[in-house]
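Trainee: Taken in order, these protein sequences are the chains called F and B.
For the first sequence, numbering that gives the first Met the number 0 gives the first residue as 0, with consecutive numbering after it.
For the second sequence, numbering that gives the first Met the number 0 gives the first residue as 0, with consecutive numbering after it.
No incorrect hints appear here.
Keeping only pairs whose Cα atoms sit at most 20 Å apart, straight-line, the calculated SDA-like set for lysine to any residue is:
#: 1; chain 1: F; residue 1: K24; chain 2: F; residue 2: E214
#: 2; chain 1: F; residue 1: K89; chain 2: F; residue 2: S135
#: 3; chain 1: F; residue 1: K89; chain 2: B; residue 2: Q180
#: 4; chain 1: F; residue 1: K167; chain 2: F; residue 2: P121
#: 5; chain 1: B; residue 1: K170; chain 2: F; residue 2: Q111
#: 6; chain 1: F; residue 1: K89; chain 2: B; residue 2: V166
#: 7; chain 1: F; residue 1: K89; chain 2: B; residue 2: L164
#: 8; chain 1: B; residue 1: K170; chain 2: F; residue 2: T104
#: 9; chain 1: B; residue 1: K170; chain 2: F; residue 2: D107
#: 10; chain 1: F; residue 1: K89; chain 2: B; residue 2: K170
#: 11; chain 1: F; residue 1: K89; chain 2: B; residue 2: Q163
#: 12; chain 1: F; residue 1: K228; chain 2: F; residue 2: V212
#: 13; chain 1: F; residue 1: K228; chain 2: F; residue 2: H194
#: 14; chain 1: B; residue 1: K170; chain 2: F; residue 2: E97
#: 15; chain 1: B; residue 1: K170; chain 2: F; residue 2: I109
#: 16; chain 1: F; residue 1: K89; chain 2: B; residue 2: V192
The set of hints was computed from the structure by calculation and includes no laboratory data.
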Amino acid sequence: MLRLDDVHAHYGMIHALRGVSLEVKKGQIVCLIGANGAGKSSTLMAVSGLLRPNAGRIVFEGDDLAEVPSHAIVERGISQVPEGRRIFSKLTVLENLEMGAYTRTGEDSIRQDLDWVFGLFPILAERRFQMGGTLSGGEQQMLAIGRALMARPRLLLMDEPSLGLAPKFVETIFEVIRQINTRGTAILLVEQNAHMALSIASRGYVMEAGRIVLEDDATSLMVNKDVQKAYLGG
Amino acid sequence: MLVQQLINGLTLGSVYALIALGYTMVYGIIELINFAHGEIYMLGAYMGIITFGLLTTLHLTFPTSGAALLIMMVMAMLFCGACGITIERLAYRPLRGASRLAPLISALGVSIFLQNFVMLAQGPRDKGFPHLFAGEGIDLFGSRISAIQMFIMATSVLMMAALQLLVHRTKIGKAMRATAQDMQMASLVGIDVDRVISATFLIGSALAGVAGIMVGMYYGLINFFIGYIAGIKAFTAAVLGGIGNIPGAMLGGLLLGLIEALGAGYISSEYKDVFAFAILVLVLIFRPSGLLGKDISRRV
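Isolated chain F, as found in the complex (with noise of 0.2 Å):
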């Protein structure tokens, strides 16, 4: 479904991605770990195309994404939960998932999907009417994927859901994620909290400065020993 082949991209004069290869196959949940820095919100922000590579090549369900706007790429089926949830802190809740929206036509699915997304995170229907800004940080993040997902995607990023929350939303957020899935959505998931990430994925690359320098099954990497001691805790 998304390939990146020997993927190359520059911030500026940071060479952030050095040759990155991977694969998220239909309905799979495949996750990128590693530390900060290690280039795994430049992976996502290059299949979003804000980050525009300098070599290789990504494609998604056959097409090459290079020559695709960033806005266009949503309408192919691919949305993003970003870094830092980043919701419009001044439009409402509901204005911020009508955002999410945007590219979609059809007033009754996406009253539907709206619907699912009130009954995936039933807080955010309370507070509807209420300007992102003034949300928790979990609700936030709710806001963030709840808006990610009004686009229906066929493939969604995320870049650390889990960061920053109390462990109660935690578990709401991997819980939602594995419902997202069941519904038949791939997920690009990045984490810092590698031993949840593994246990609800399929496949595993680690990163380490720019490049994938170890991939497989969740559960082979889980037992990994140089995994379990850079990234799950010895």
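Position chain B against the provided structure of chain F, taking the given hints into account.
Mentor: Showing chain B alone in chain F's frame:
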């Protein structure tokens, strides 16, 4: 005397507000002070005269001058809107991602170009604006509020209400607010940011075009240089209200108009521009974020 000055101030202020909206909307989205915006207003006034001339030469007669005025306003809005989009496309978009100074200088260049173009095409002398209002106006607490003044205030209020509806109720309006807050995130939800920016220039420029017609009618004379002072005044109004803030631009415009009129009435009319620019300086020193603006530190 006081009531008369208040009426004059509100009339002038509502025009400043209309022009200030264009500054503030563009700044809100691409953080550019569009110094060519005053010239758009000037173009609107000229488009009014040109349209009126066309209607006259075509011997199109109207049951009322109101119909002619409506056509002039629509033409000015369309023409100015098209100019705004074109200017953004040619002079600002290629510089996106460059240093902040580059588009600013480009805007000054566009402003100088338009002034000189109009001077050459339409001549350097004042042109008379057609008289379209015969109305007497009404008396209010011993002061007179003329038909033109009522028309200017009513039209401005209508335009601002329409803008508020557009920005808060329509899909493109919500996309404009989203883009103003976080342009990258806007494209991550699928908003075509270039289209939103074009729409912003279209709307801001159309409002300036209407303002041009109204001021042309109010003073009866226009020339190629009217955009300069009006532009700086409207910019002051936008800064006073909080640049980037739409209700702020409306409030700033009205306040500036009132301050100018009261200053002109009670101190000296020769100093009326001094009041406007003294306010600009004072606001920039003591409250750079403006009356309704917030968190300017993040933007600077």
